[in-house]
Amino acid sequence: MFFGWVGNLFLSRYLTPALVKSRLFSRLEIFNNDNKNTTIINKTEKVVIREDNSISEIASNAAYAVVDILSFEKNVDLKKNVSLPSSAEEYSSGLSGTGTILTNDGVIVTYRTNIIEKNANYKVVALGGNVLDATLLGVDDFANLAYLKVEGFNLTTIPFAGSSMDNSGKKVIVIGGLSGLQRVYLTEGILSGFDEDFSLTGAGISSSEKLEGVLNVDFNESDKYVGGPIINYSGELLAINAKIKIDSADKYFQIPIEIIKDSMQKVVENRIEQAAKLGIYYVSVNPFNKNLKNLPSDKGALIYSLAGKQGLAIIAGSPAEKAGLKINDLILSIDGNEINPMHPLSNFVNQYEEGNSAVLGILRGEENIEITVEF
Numbered sequence: 000m001f002f003g004w005v006g007n008l009f010l011s012r013y014l015t016p017a018l019v020k021s022r023l024f025s026r027l028e029i030f031n032n033d034n035k036n037t038t039i040i041n042k043t044e045k046v047v048i049r050e051d052n053s054i055s056e057i058a059s060n061a062a063y064a065v066v067d068i069l070s071f072e073k074n075v076d077l078k079k080n081v082s083l084p085s086s087a088e089e090y091s092s093g094l095s096g097t098g099t100i101l102t103n104d105g106v107i108v109t110y111r112t113n114i115i116e117k118n119a120n121y122k123v124v125a126l127g128g129n130v131l132d133a134t135l136l137g138v139d140d141f142a143n144l145a146y147l148k149v150e151g152f153n154l155t156t157i158p159f160a161g162s163s164m165d166n167s168g169k170k171v172i173v174i175g176g177l178s179g180l181q182r183v184y185l186t187e188g189i190l191s192g193f194d195e196d197f198s199l200t201g202a203g204i205s206s207s208e209k210l211e212g213v214l215n216v217d218f219n220e221s222d223k224y225v226g227g228p229i230i231n232y233s234g235e236l237l238a239i240n241a242k243i244k245i246d247s248a249d250k251y252f253q254i255p256i257e258i259i260k261d262s263m264q265k266v267v268e269n270r271i272e273q274a275a276k277l278g279i280y281y282v283s284v285n286p287f288n289k290n291l292k293n294l295p296s297d298k299g300a301l302i303y304s305l306a307g308k309q310g311l312a313i314i315a316g317s318p319a320e321k322a323g324l325k326i327n328d329l330i331l332s333i334d335g336n337e338i339n340p341m342h343p344l345s346n347f348v349n350q351y352e353e354g355n356s357a358v359l360g361i362l363r364g365e366e367n368i369e370i371t372v373e374f
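Per numbering that gives the first Met the number 0, the sequence shown starts with residue 0, numbered consecutively.
Because the hints were derived from the structure by calculation, they are not lab data. Don't take each hint at face value.
[Stated by the list, open to error] Straight-line alpha carbon distances no greater than 27 Å define the calculated BS3-like cross-link-like pairs of lysine-lysine that follow:
| id | residue 1 | residue 2 |
| --- | --- | --- |
| 1 | LYS223 | LYS73 |
| 2 | LYS117 | LYS265 |
| 3 | LYS289 | LYS265 |
Keep in mind it's a predicted model, so treat the numbers as computed, not measured.
Go ahead and model the full structure; you've got the sequences and the hints to work with.
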């Protein structure tokens, strides 16, 4: 049997191919058919990737940068009227929300509605159940972001994406607060694009002191994701989830990483209270508004009030009023920088601080003028 097996192997592997190639045997039909029906099988490996598993793996590091923030309002009146031990603390109310660790030494960002801002104590609960005391570093009124600090070293953070806009149209991962002590809420979405018309005023007009332009992510929206991170499939931080109410309805949106980095820097350097204020309400001009309001330009910021009143468009005593700005002035530039839908007025103003000045290029009626504003 052994020699029969060896003989068959020798015949099929060495003798038959040699005979097929010979001039004599190649004419025989039996060898021609054998050659035609020979099948060469290349080794292949089928790899099945389950998307839900890949999402969990991608978010596995970022999950440790997500925390629950607990804030408790101190009951000042109770301490005045009741004798309590010095170590005891009574609270009149509390609030819980999601936060994201930004730096390895413990700077945390959240959306401001997630915390009690004044007269409060703060705790941070990390994945795994570790509870840390926290302090409030500051609140950025422009972007509605709040920053807290815990004492830590080499904490897990999420690497920042170079640009949030590079991921438009791509799948992203949305991470929410803690589900128990060992898990976080996790879902996926699509970064549908940049909403250049959206202002944190939540109204139909913009403010020179509020962020204009946010990201839109389509996902299973829920309050548990507010304050949590949006990451791309490379595990990089793209944005922070946020929410405001507009006409009693919840509007979810995402604050881009570019805004977060700038905001955090100002808070850490104690410059957030020095932010410049212009003091106007306006409409960002685009091709639609140009035709709707019969404007001479499709760019700029039109000082505006729905009632058409100067006192509602320009805040009394503001730098804008002191500089002589008027309702229906069309601000085209600031220090030579063109104002357009992708670069709105408020985002330029936010780059200045109290004590700075700027030259506004303005179209007033048919006259182009320049006005210097002292912030």
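Evaluated hints:
1. LYS223 to LYS73: The given pair, whose Cα atoms are some 25 Å apart, holds under the 27 Å limit.
2. LYS117 to LYS265: Measuring from Cα to Cα gives roughly 20 Å; hence the hint holds.
3. LYS289 to LYS265: Answer violated: LYS289 to LYS265 is near 35 Å, above 27 Å.
Of the numbered hints stated above, the single one contradicted by the structure is hint 3.
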